[in-house]
Amino acid sequence: MSFEWPWQYNFPPFFTLQPNVDTRQKQLAAWCSLALTYCRHHKLYTLDIMEAQESPVFNNKKIERIIKTTMNELLIVLTSGNLEWLDKNKSRCLVMWRRPEEWGKLIYQWVSHQTERQVNIFIFPETSQTNPSRFLPEFHGLEEWMLLRSLQALQSDGKAEIITMDEGKGVKFF
Amino acid sequence: MRRGVGAGAIAKKKLAEAKYKERGNVLAEDQIAQMSKQLETFKSNLEEFASKHKQEIRKNPQFRVQFQEMCATIGVDPLASGKGFWSEMLGVGDFYYELGVQIIEVCLALKHRNGGLITLDELHHRVLKGRGKYAQDVSQDDLVRAIKKLKVMGNGFGMIPVGGSYLVQSVPAELNMDHTVVLQLAEDHLLKEGLAWLDSQSAGEAQYWLPALFSELSSRDITPEEASQMTP
Chain P
1 MSFEWPWQYN
11 FPPFFTLQPN
21 VDTRQKQLAA
31 WCSLALTYCR
41 HHKLYTLDIM
51 EAQESPVFNN
61 KKIERIIKTT
71 MNELLIVLTS
81 GNLEWLDKNK
91 SRCLVMWRRP
101 EEWGKLIYQW
111 VSHQTERQVN
121 IFIFPETSQT
131 NPSRFLPEFH
141 GLEEWMLLRS
151 LQALQSDGKA
161 EIITMDEGKG
171 VKFF
Chain Z
1001 MRRGVGAGAI
1011 AKKKLAEAKY
1021 KERGNVLAED
1031 QIAQMSKQLE
1041 TFKSNLEEFA
1051 SKHKQEIRKN
1061 PQFRVQFQEM
1071 CATIGVDPLA
1081 SGKGFWSEML
1091 GVGDFYYELG
1101 VQIIEVCLAL
1111 KHRNGGLITL
1121 DELHHRVLKG
1131 RGKYAQDVSQ
1141 DDLVRAIKKL
1151 KVMGNGFGMI
1161 PVGGSYLVQS
1171 VPAELNMDHT
1181 VVLQLAEDHL
1191 LKEGLAWLDS
1201 QSAGEAQYWL
1211 PALFSELSSR
1221 DITPEEASQM
1231 TP
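Protein chains in written order, with the working numbering: chain P, 1 to 174; chain Z, 1001 to 1232.
One chain only, chain Z, in its complex shape (with noise of 0.2 Å):
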């Protein structure tokens, strides 16, 4: 008698294959229970050291961004919403949210000078200086985080690489944009980036120089005279 094909053998085929989805499954929910117990154990040694260190996270920010760091790689987020598990526990929320405030203070009231564009230096200086000695300290890492949440939220707020750092635009950019204000912004940004040079010696108001371009204009013989008015 042959095995194989058959009535038979197919049914038992078929049996066969149940057993072992069956098996799969056991074995997922095996598999299951054992993850979540991990789990209950991980979000369990997270809150205790969480609540631990609950203090060196809101003082220190060196420390901060390694706690976040570790909860990135992890896929937990403690800044998802102000009313989350994780904020509420790790109380960091109000951190950043309190510091999106004042940075929105910040650029609101030097828009008018820089019509909405701030180097993301400047805007560390000052927040720092608004928020006084006894607060705690910030990094720009803070609010670099800051910002992106607050971007979120639709504030009008972007940050635009430059260097190796970024500028923020808290004003979209077809609205307001001032483009003296932005040029002495880009001035300014092009001394720190070691593109320009001082020359505070003119009449009037000081010069910005750009040494590729005086080079370029040397060899064609140009004066100092008529290349300064080439400048802005």
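The shape of chain P in the complex, shown without the other chains (with noise of 0.2 Å):
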């Protein structure tokens, strides 16, 4: 299924940081909800600033506009909540189109229906047969950070825990 672009995003204005206060408080609103919408779409986990400008989110050749992907308040939007810089220069994020906690319920509700409340293990380095997001294509392509962040949430809520064995880690869910 390809990726509905909104309105804005063939608006030529849209690409130009707005003077007016409140218009520009809906404008980067805008662009967050679109880029993460897009990411999301796409399965995008990690952004590179400077790859991301070529791309078609912030670059839209049909109507010839851009918006600069290093653009502070744009970058300060998006960093509230949603990204996490990877390095101090800021040139890589990752991107939390879900949060963690998020992830942990979907896993943990998945998990229930699987086994019928009896206690499950999982071993997810990559050679494992039981990763979850084997079997669900919700789950596809969760990378291993992020999974590993959704399983620490889960156990700061007491609803799994990591254990550490020498193959590798494995989840136990109550």
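Simulated from the structure, these hints should not be mistaken for laboratory data.
Misleading hints may appear alongside valid ones.
Quick partial rundown of chain P residues pointing at chain Z, CB under 10 Å, derived from the structure [claimed, not checked]:
#1 Phe14
#2 Thr16
#3 Gln27
#4 Lys61
#5 Glu64
#6 Ser156
#7 Asp157
Here the structure is a predicted model, which is why all the values come from computation and not from measurement.
Every residue, glycine too, gets a C-beta built ideally from N, C-alpha and C.
Grab the two chains, each in its own frame, and use the hints to assemble them into the complex.
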């Protein structure tokens, strides 16, 4: 299914930082939403700021408009909750179009449906046969760092326990 | 013998009425005397207040607004005339007179550019700039009052309410209106009101877009190029 662009995407002024404060707020919120939905659609978990400049999200060739991915105002809005810098230079970031807590919930739900309240252990290094992402399209492509964070979220919630073993890690669900 | 009707009764009645009337007058006189006394007291209190706070009135725009409103409630206009009791005592008249002159200067200076139409915000900004940092602070309320006075003197000044503020007109509408200039002002104002968006990446000068119009156009499948040709 192809990505559906919001109406703002073809509106040339959308790519100019608006001088009016109220308009700007709406604009940046729309950019945040667009960036996240795009990443979600394409299952992108990381973003390289420089490379992203060439991506269709920030570069609309049809109407010949671009928005600078290095723009502070844009980055501030994205970072407030959904982006996490991987380096000090702010050139790469993790994109959390779904937060670890939300992933954790989904995983837990899926697990509960699998075995009717029995305790489950999954081992999930790359060679694993029982990595949840193999079983559910929703989890497909879920990168290990995110998976780990989601499980950690469940752990803090008392719903799971991560067990470190020689072969890798396992998870016990309660 | 019957009472009431008869010349005697009528006369009595007239006498009673007269007595009441006299009493009424006497009462009114009393009241007037009392009121005058109250007014005297009030007036001297106000004088004392004004002289005590004269500095404050001149320096503090917020205080000035409150003072003006207080005067209004008791039916006193401190700006009524340059030589009036109040303006002399309070010395506020000069302040507004000077401000009026400054406003005229700003408007004259910009007339060739804006056709005699300026937003209250911009006027405020420029007046403050012109006054320099050591001058007394001036609020938009002060400007509005000064302009009202100018209107009375027949200087061709007017105020057009737009959005939550005003456009100040220093030239009567029939004369000297450069339409493109007015449109420019309108665009600036639309931006301020959040009705228009700025596009700085268009070839040539910056363009203004109206989202409302855009969605309508999009639904009829007009290309952005065609749409941009429709904007001024």
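Hint-by-hint comparison with the structure:
Using the Cβ-Cβ criterion of 10 Å, the hint placing Phe14/P at the interface with chain Z is satisfied: the shortest such distance is roughly 8 Å. Nearest Cβ of chain Z to the Cβ of Thr16/P: about 5 Å, under the 10 Å cut. The hint holds. With a least beta-carbon distance of about 8 Å to chain Z, the hint placing Gln27/P at the interface is held under the 10 Å criterion. A hinted interface residue such as Lys61/P counts as satisfied when its beta carbon comes closer than 10 Å to some beta carbon of chain Z; here the least separation is about 12 Å, so the hint is violated.
A cut of 10 Å between beta carbons decides the hint on Glu64/P: the least distance to chain Z is about 7 Å, and the hint holds. For Ser156/P, the suggested interface contact is broken, since its CB lies about 43 Å from the closest CB of chain Z, more than 10 Å. With its C-beta approaching chain Z no nearer than about 42 Å, Asp157/P sits outside the 10 Å limit, and its interface hint is violated.
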